[in-house]
Amino acid sequence: MKNKTLFKFFALMLLLSGLPLLSHASEMVNSGLAPAISDDQHYNRAIHIMAMLLVGFGFLMVFVRKYGRSALTATFLLVSISIPVYMLINSNTVGIHENDVRRLILSEFCGASLLIAAGAVLGRLKMQQYLLLGLLFVPCYMLNEWLVLNGGLGLVKAGGVVDTGGSIVIHAFGAIFGLGVALTMTTKQEFEKTIESDSVSDRYSMLGSMILWIFWPSFCAALVTPEQMPATVVNVILALCGSTITTYIVSVSLRKKVSIADIANAALAGGVAIGSACADATHSEAVVIGILAGALSTFGFAVIQSRQQKWMKLIDTCGVTNLHGLPGLMGGIAALPIVRGLDIRQQLLGIVVTIGVAFVSGMAVGKILPLMGRKTEAYEDAEEFLDAVE
Amino acid sequence: MKNKTLFKFFALMLLLSGLPLLSHASEMVNSGLAPAISDDQHYNRAIHIMAMLLVGFGFLMVFVRKYGRSALTATFLLVSISIPVYMLINSNTVGIHENDVRRLILSEFCGASLLIAAGAVLGRLKMQQYLLLGLLFVPCYMLNEWLVLNGGLGLVKAGGVVDTGGSIVIHAFGAIFGLGVALTMTTKQEFEKTIESDSVSDRYSMLGSMILWIFWPSFCAALVTPEQMPATVVNVILALCGSTITTYIVSVSLRKKVSIADIANAALAGGVAIGSACADATHSEAVVIGILAGALSTFGFAVIQSRQQKWMKLIDTCGVTNLHGLPGLMGGIAALPIVRGLDIRQQLLGIVVTIGVAFVSGMAVGKILPLMGRKTEAYEDAEEFLDAVE
Amino acid sequence: MKNKTLFKFFALMLLLSGLPLLSHASEMVNSGLAPAISDDQHYNRAIHIMAMLLVGFGFLMVFVRKYGRSALTATFLLVSISIPVYMLINSNTVGIHENDVRRLILSEFCGASLLIAAGAVLGRLKMQQYLLLGLLFVPCYMLNEWLVLNGGLGLVKAGGVVDTGGSIVIHAFGAIFGLGVALTMTTKQEFEKTIESDSVSDRYSMLGSMILWIFWPSFCAALVTPEQMPATVVNVILALCGSTITTYIVSVSLRKKVSIADIANAALAGGVAIGSACADATHSEAVVIGILAGALSTFGFAVIQSRQQKWMKLIDTCGVTNLHGLPGLMGGIAALPIVRGLDIRQQLLGIVVTIGVAFVSGMAVGKILPLMGRKTEAYEDAEEFLDAVE
Chain G
1 MKNKTLFKFF
11 ALMLLLSGLP
21 LLSHASEMVN
31 SGLAPAISDD
41 QHYNRAIHIM
51 AMLLVGFGFL
61 MVFVRKYGRS
71 ALTATFLLVS
81 ISIPVYMLIN
91 SNTVGIHEND
101 VRRLILSEFC
111 GASLLIAAGA
121 VLGRLKMQQY
131 LLLGLLFVPC
141 YMLNEWLVLN
151 GGLGLVKAGG
161 VVDTGGSIVI
171 HAFGAIFGLG
181 VALTMTTKQE
191 FEKTIESDSV
201 SDRYSMLGSM
211 ILWIFWPSFC
221 AALVTPEQMP
231 ATVVNVILAL
241 CGSTITTYIV
251 SVSLRKKVSI
261 ADIANAALAG
271 GVAIGSACAD
281 ATHSEAVVIG
291 ILAGALSTFG
301 FAVIQSRQQK
311 WMKLIDTCGV
321 TNLHGLPGLM
331 GGIAALPIVR
341 GLDIRQQLLG
351 IVVTIGVAFV
361 SGMAVGKILP
371 LMGRKTEAYE
381 DAEEFLDAVE
Chain D
1001 MKNKTLFKFF
1011 ALMLLLSGLP
1021 LLSHASEMVN
1031 SGLAPAISDD
1041 QHYNRAIHIM
1051 AMLLVGFGFL
1061 MVFVRKYGRS
1071 ALTATFLLVS
1081 ISIPVYMLIN
1091 SNTVGIHEND
1101 VRRLILSEFC
1111 GASLLIAAGA
1121 VLGRLKMQQY
1131 LLLGLLFVPC
1141 YMLNEWLVLN
1151 GGLGLVKAGG
1161 VVDTGGSIVI
1171 HAFGAIFGLG
1181 VALTMTTKQE
1191 FEKTIESDSV
1201 SDRYSMLGSM
1211 ILWIFWPSFC
1221 AALVTPEQMP
1231 ATVVNVILAL
1241 CGSTITTYIV
1251 SVSLRKKVSI
1261 ADIANAALAG
1271 GVAIGSACAD
1281 ATHSEAVVIG
1291 ILAGALSTFG
1301 FAVIQSRQQK
1311 WMKLIDTCGV
1321 TNLHGLPGLM
1331 GGIAALPIVR
1341 GLDIRQQLLG
1351 IVVTIGVAFV
1361 SGMAVGKILP
1371 LMGRKTEAYE
1381 DAEEFLDAVE
Chain C
2001 MKNKTLFKFF
2011 ALMLLLSGLP
2021 LLSHASEMVN
2031 SGLAPAISDD
2041 QHYNRAIHIM
2051 AMLLVGFGFL
2061 MVFVRKYGRS
2071 ALTATFLLVS
2081 ISIPVYMLIN
2091 SNTVGIHEND
2101 VRRLILSEFC
2111 GASLLIAAGA
2121 VLGRLKMQQY
2131 LLLGLLFVPC
2141 YMLNEWLVLN
2151 GGLGLVKAGG
2161 VVDTGGSIVI
2171 HAFGAIFGLG
2181 VALTMTTKQE
2191 FEKTIESDSV
2201 SDRYSMLGSM
2211 ILWIFWPSFC
2221 AALVTPEQMP
2231 ATVVNVILAL
2241 CGSTITTYIV
2251 SVSLRKKVSI
2261 ADIANAALAG
2271 GVAIGSACAD
2281 ATHSEAVVIG
2291 ILAGALSTFG
2301 FAVIQSRQQK
2311 WMKLIDTCGV
2321 TNLHGLPGLM
2331 GGIAALPIVR
2341 GLDIRQQLLG
2351 IVVTIGVAFV
2361 SGMAVGKILP
2371 LMGRKTEAYE
2381 DAEEFLDAVE
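Protein chains in written order, with my numbering: chain G, 1 to 390; chain D, 1001 to 1390; chain C, 2001 to 2390.
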């Protein structure tokens, strides 16, 4: 690899590229009073997020080659159960004064977190178990949201945690919840069964990845003020650019050849990690966060994942630990040096509470799900779908 | 299936989930005078609808495994013929005062209806016949639009029919027109040829389905006022959630295993059926309409379709009867109890006129199309495409 | 082909369809002072363009059947390198006063042009060479942008060239740059290796094509004033409709059967060619431009491409000459009769400068890239990707 120096040059160049931009981004945010964001702006972002939930998460999970019909049907069911249930509970607690489109976006955030959790056990649940998973997940997610963001029980001060794009309460929560479920449920046979992909499933998976990449700025900027929007969306895109290039470089460096699964997944880690500080970071900070997150996530897929299986005795089908778990936590922590006036204790407390609630409730749900039986053939459509020919 | 009770529990839970929301949705609609919707809002919805027409309808029809190139090319041609022809006729009748982007949306509605009609005879027309179908369809569609919505001939009072999202004039019209064409054209050989799908075509089909699902709120809310928008889009999403979950439950119940074709199609029935009343229903009514439409549509695919072939002596390739025909009519009728101040006679008259115009004109077009010859190998690209290797 | 007369009838009908619309479109543009386009409008279009870059260009290039993983990874890398580098240089030259979202759109335009250039040598670069290509392309593109649009060196008067949707500086520039690279780099072995596609890669390619078609109006209207927007987007759609139908007709006429590659590519030529005059043309002019561009592009794919290989001794993998090169130049020239008050000398000068800068810099980059070595197996993933099984 005589091109290694060139790689390093690219990486450095990219890193430096952000520096001159450093000065002006922060001026644009938090500048005075925020005019209300219109319903129509909220609406367009809500649709973008829906594209992420269905085509994005859905097709990303199609990488399991014989489980495509199931992954897509499960995605449909998880979205369709979480949105009405979240909206129902929210309207009965927060009240009907909440704006309808804003409530929709909050429910989509919950759906995203659920899809992440489901990714950890993908291919090993029956269809109806995905529905039950969704029903049980939503209240747990809302409990954590209430504790960490809305001052529930007085544990964490309302507004004390900065998590604009959901690194902590959406990504890390979903991943850790999913790990909890997987920890309780993974069977011995499942360790022996390899998860296969092929050229068709790989390309479907890249479609899902690209849809997530494209609309990620709308996810992070869904609820920011119009003043914060420009800097926020550019930050998200720069972080994604950083993680995408870094993923390629680290994947080749660690494995000799590129793994398309690394590209499809770890390229998105910049979006996960910029979440907490997306409205506050400068553009160069965003690039740096993206680069670090891409490296961390690729290292996770290439090195940690196989060891995690042995250490934790669980299989994380989609590697949500590496895409959402670690980069999510990193994003929550990255806010500490970046966000001016952030109460460090509150932010750390929010992270700790999220880890606790997610892990305990995930474990509990992992005990409940097997009461509905177990899928006999992991990672295969044929058990549950008619005419599931190749 | 010891999980049947669990299914019922889910269904009931989902049904009830809407009830507490019942009170406040209707307050949001029709509240005073409507500010003009901006060109930019119209524009964003026009693009969303275009995504539905091309990727949505196009890929949904790729389920026929050897006919993918043809289905996508036909989609391109049907959209490209219907939009300019509609805009031309509209600008010469309604006049140039109509806003350009609004006219675009109206022409896209026509394109959607045409794609539905084409779905009934998919795989059995030559490429140039799709073009001719488009040319002949547009004036018929516009005649019905004029009669039912704009007071043409004084048959139905202008504004007397409530059909915001087009359950009647778009979905039912397209499906019945397509049935008319299929009724006249289906040949004996076509009854013997099975329509094959495989794991690749199934996943493409699910992509189309998801794109339709995602952007459906923009279809129904394309022309509503900004005040009506929030409640409308949430209604559409809730109806889709209801039909998606119900489709899964009914598909498993009727067939023992899930049919991915049921999921890809009937999951959308909630969007079809909520069309007429989408701006007027409460959220719980929307959930109920979605559940009923999903059940009706899945029953159609699982039970009615094979009998319809014998009774009506026609093949409906995509099952548009079950996705657009029956749920569309159901949507038009569902408006009766839901929309306050609706003139029941006018609404029923609108439905009857639509059925009549669609069926008669569809039959006539079915007589004209074979004048251009017949496709010899149904459901196969190879006859018309170069190098159409597997 | 007794249907030929019918084809001609369609073509004529389509052509005439625009005429009655002729009068009123131009009233809508340039009408008095332009209110500032909002950040949110810019933002929505920026996301649409991002969908074109990743899923649009990315999947269009998946037509090479064994090179799908590589084409998609290369797309990710090209976008991720060009956007930050463009933004960095732009913010250090134009200054930080440029609006963040507007700057993002300008950088996406650069990314589009880069993807076009890369299409000419697709399958014959190593992954790291795509990165280097991106690094070298951006300054060349920006040099041309500065010379042709911003009055750099006083060569062309600032504002003297009309190129709203980038026919000249985006499409033609990218295509000619790519040809320059291909001219220098194409090896003998590459002439012997056929570029294979199959039914799966063809359908992926059509997905890319449709995504480009759908969002093309946002590309052309990204920076126009709100007054110009309605006429502009309708013009783009009419041009695309014209080129799509014409592509089908010309493809069948020249080849006896339809080539799906013609459909996936040449159908978009209307969007390329309407670029320069999209905000100024009448609707009927847009239809005519679309029809001519579709015919030119299809003729290019069916007739010119194989001869170009021999004459120019280069392989243009994606046929960017025929989709972006010729229709781009045609679009720049089509502005001459259409745009009122256009300085013909300036417009032609802009075209000539673009051709010169693109070709010379492309040739230079084609000399530099091989310094990083050469891909041994053209058009195949396996050399660079792990487990690249079929």
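Since the hints were made in silico from the structure, they are not lab data. A hint or two may mislead.
So the derived label-pair ranges between C-beta atoms look like this [as the list claims (entries may be wrong)]:
| id | chain 1 | residue 1 | chain 2 | residue 2 | range |
| --- | --- | --- | --- | --- | --- |
| 1 | D | G1341 | G | R374 | 51 to 59 Å |
| 2 | C | I2368 | D | D1387 | 32 to 40 Å |
| 3 | D | K1193 | G | T194 | 54 to 62 Å |
| 4 | C | K2310 | D | M1312 | 32 to 40 Å |
| 5 | C | A2382 | G | E192 | 50 to 58 Å |
| 6 | G | S253 | C | A2382 | 30 to 38 Å |
| 7 | D | M1312 | G | P139 | 43 to 51 Å |
| 8 | G | S306 | C | V2094 | 44 to 52 Å |
Glycine residues also receive a C-beta, built at the ideal position from the N, C-alpha and C atoms.
Hints, one by one, checked against the model:
1. Taken as a hint, the range 51 to 59 Å holds for the pair G1341/D and R374/G, whose Cβ atoms sit roughly 54 Å apart.
2. A C-beta distance of roughly 36 Å is found between I2368/C and D1387/D, which places it inside the suggested range of 32 to 40 Å.
3. For the pair K1193/D and T194/G, the supplied restraint of 54 to 62 Å is violated, since their beta-carbon distance comes to about 38 Å.
4. Checking the proposed 32 to 40 Å range against K2310/C and M1312/D shows it is violated: the Cβ atoms sit about 57 Å from each other.
5. About 28 Å separates the C-beta atoms of A2382/C and E192/G, a value inconsistent with the hinted range of 50 to 58 Å.
6. The hinted range of 30 to 38 Å is not satisfied by S253/G and A2382/C, whose Cβ atoms lie roughly 20 Å apart.
7. Our hint of 43 to 51 Å for M1312/D and P139/G holds, since their Cβ atoms are close to 48 Å apart.
8. A hinted range of 44 to 52 Å for the beta carbons of S306/G and V2094/C is consistent with their spacing of about 48 Å.
Against the hints set out earlier in the document, violations occur for numbers 3, 4, 5, 6.
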